[in-house]
Amino acid sequence: MRLLAVAAALSAVFAAPAHAGKTLDAIKARGQVVCGVNTGLAGFSAADSQGKWTGLDVDVCRAIAAATLGDPEKVKWVPLTAQQRFTALQSGEVDVLSRNTTWTLTRDASLGLNFTAVTYYDGQGFMVPAKLNLKSAKQLKGATVCVQSGTTTEKNLTDFSRANKLDLKPVVFEKLEAANGAYFSGRCAAYTTDASGLASIRTKEAKDPKEHVILPDLISKEPLGPAVRRGDDEWFAIVKWVIYGLIEAEEYGVTQANVEQMQKSSQDPVVMRIVGSSEDTGKLLGLDKDWMVRALKATGNYGEIFERNVGPKTALNLPRGVNAQWNEGGLMYAPPVR
Amino acid sequence: MAERAPPKRRDWSWRSQAFRGLVYQVLAVVLVAGGLWYLAHNTLVNMQARGIQSGFDFLAQPAGFDIGESVIPYDALDPYWKAFLVGVLNTLRVAIVGIVLATLLGTLLGIGRFSRNALVRGICYAYVEVFRNVPVLLQLLMWYLTFTELLPPVAEPLSVGGLFWLSKNGFAFPTPLWNLGLAITAAGGAVGLVLAWAYHRWARRHFEKTGQPRSMVLVPLAIVVVGLAAGWLVAGAPREWSVPVPGTFTMDGGASATPEFMAVLLGLVFYTSAFIAEVVRAGIQSVAHGQTEAASSIGLSKNLAMRLVILPQALRVIIPPMTSQYLNLTKNSSLAVAIGYPDVVSIANTALNQTGRAVECIAIIMLVYLTTSLSTSAFMNWYNARAAIKER
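Heads up: the sequence lines are chains A and B, in that order. Just so you know, the first sequence maps onto residues 1 to 338 in our numbering. Just so you know, the second sequence maps onto residues 1001 to 1392 in our numbering.
Please note that the accuracy of each hint is not assured.
[Claimed, not checked] Okay, derived cross-link-like pairs now, DSS-like style, lysine-lysine, Cα gap no bigger than 25 Å in a straight line:
1. A:76 to A:52
2. A:135 to A:165
3. A:28 to A:289
4. A:264 to A:283
5. A:165 to B:1082
6. B:1331 to A:175
7. A:138 to A:169
8. A:207 to A:175
9. A:204 to A:313
10. B:1082 to A:169
11. B:1082 to A:155
Hint data in this document are derived by calculation from the structure and do not stem from the laboratory. Just so you know, these numbers come straight off a predicted model, no measurement behind them.
One chain only, chain A, in its complex shape:
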């Protein structure tokens, strides 16, 4: 798997000297959005036995493809490990990286990429076997903790261990599958990653999900969202505003089911702008005026995406929590689509 990172690094070596590339032009010529996703994280991006991808991160890419190309299926999925993801984006292998990636200063400032918007507010947690009867991660003194490399997780774990003098010993795995395997075999007393990831792993990988508990401690802020390559502000704006459009559509009650009817009959000026029945917001982005209608028809608004992939009715059973709309006590606040 390191091979891809090397290949990506090499492609930086061999690429022709850069020119301001129009990502959207390339996508239209290719007829596909190339989307970097996780190799398998239920609820966020995972392929089923037929090779069909589902998940919150996956739906964001579908919405982008629907808005730009008119077809949510015109996406080429590139599963990436944590280490490969940035080089894959930098080298132009993917157009957008929608892979539960935490927005941090270092990444934003030094990796040649731009984070677009937050699609899931997460925090790092711990999963432990239920039979240990732990109430808090602070009881894990001296414990071995399984962790996947190439994430913000390792540093958060170290910070938490230092701050609480826990002397935690990380066992770092290159692949998610290896880290899962080591934890469930009992090599580590605890497993740490984003709380949503823990819920996903417990649901999909544990023999009996009831044998594992996720401790209440959240030790970090993990705002997850898609990133794009620097140097193409038009594409940056498109990805950003598709996400904001999905969020604002929920705020104003535009859903997958009613978007067509809203386009015909709604008199609410905000809704009319989203569905393009008054101002042509799409044109400003280099798209047409139906861009949001197509995105919403493909995936539904942000709330629908959340409920379908990770919400209380799914196996992951994650509460809406801080990911609710701003006017319902959450953090999801989209700048106005106008």
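Here the structure of chain A is known, so what remains is to put chain B in place on it, guided by the hints.
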């Protein structure tokens, strides 16, 4: 101008083989250097155009991540270069221990192929065929699964006499507490070592002068042991050990080898020793049978014939391919990343992701393996020159 000698001028014509050779060599060097310069320059330009920061300045920044096992004291606030050093030492630890064990095991197996006992021969043959034909990554995973799935959890470890413990946390064993007494014991051992070396020299001279054999192994060994014992008694016979005791999540006290380390070590040793066994077998077979007969005709026992006649000659054939096996073992240790052993590749992967300096981190990995391989190779070449036949 005047001092230019006419005969030399003829050498600088295109017809001169020496001149053409020189031109081609200069041309080749210029092309390679130009190609390298183009690649480096192009990379830098591209990275700059894409806003990717580059450079090795990050090595002085605090690393900020913990490392599961380390042979030197390491703290998360230490700089990146120290984290890399920890990784390099972990790689060397598994490589050096692995090379020693693989050599011992491989040599025994190789000699075992000549055993007069059919069962021993068969076992050695089967071992070689099984272990060298299964990919080494699978072997590493197999050992790791064996350790993590089959061993009991740390709360209820297997114990040997309350001193050695085996669990999913690894193999815990007691260690002597380092204090003044131990330092004196070690000093006694060092004195014994010097004396043993002096005795060995004297015994060799004596043998060469008079032909009377003196013990070259047992007596020097005894001298070292006596030195150690004397130092230990002088220090007042210190007997303080740190004995591991099972805790909630980990073994307290003593020292332990993690399952990751053991899996990497065993995987590499079993795999490489199969190749080494074949190298040793080939080496022994390369010595003409007449040598064995000559040795027995002058009354050497079978063991002595092997030690004094066959092996020294076989060594000349064995050493060069053995070097390749050592290099392979060292490089294969990079597969350790698959089972969570913090070798230099694992550390570089983490550093790569924390800093985003992909080209730099991969360059460091390459540099580390190149340096270790070239050093191993240089050492083995020196040893090869020593063992080579001395033509007089």
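Going down the list of hints, with the structure as the test:
1. A:76 to A:52: Answer holds: residue 76 of chain A to residue 52 of chain A is near 11 Å, not above 25 Å.
2. A:135 to A:165: holds, 17 Å
3. A:28 to A:289: Holds, at roughly 17 Å.
4. A:264 to A:283: holds, 19 Å
5. A:165 to B:1082: holds, 22 Å
6. B:1331 to A:175: Distance ~20 Å between residue 1331 of chain B and residue 175 of chain A Cα, so the pair holds.
7. A:138 to A:169: At roughly 14 Å apart (the allowed maximum being 25 Å), residue 169 of chain A and residue 138 of chain A satisfy the hint.
8. A:207 to A:175: Given pair residue 207 of chain A, residue 175 of chain A holds - Cα atoms ~20 Å apart, limit 25 Å.
9. A:204 to A:313: holds, 15 Å
10. B:1082 to A:169: This hinted pair holds, its Cα atoms lying about 18 Å apart.
11. B:1082 to A:155: Given that 25 Å is the threshold and the Cα spacing comes to 16 Å, the pair holds.
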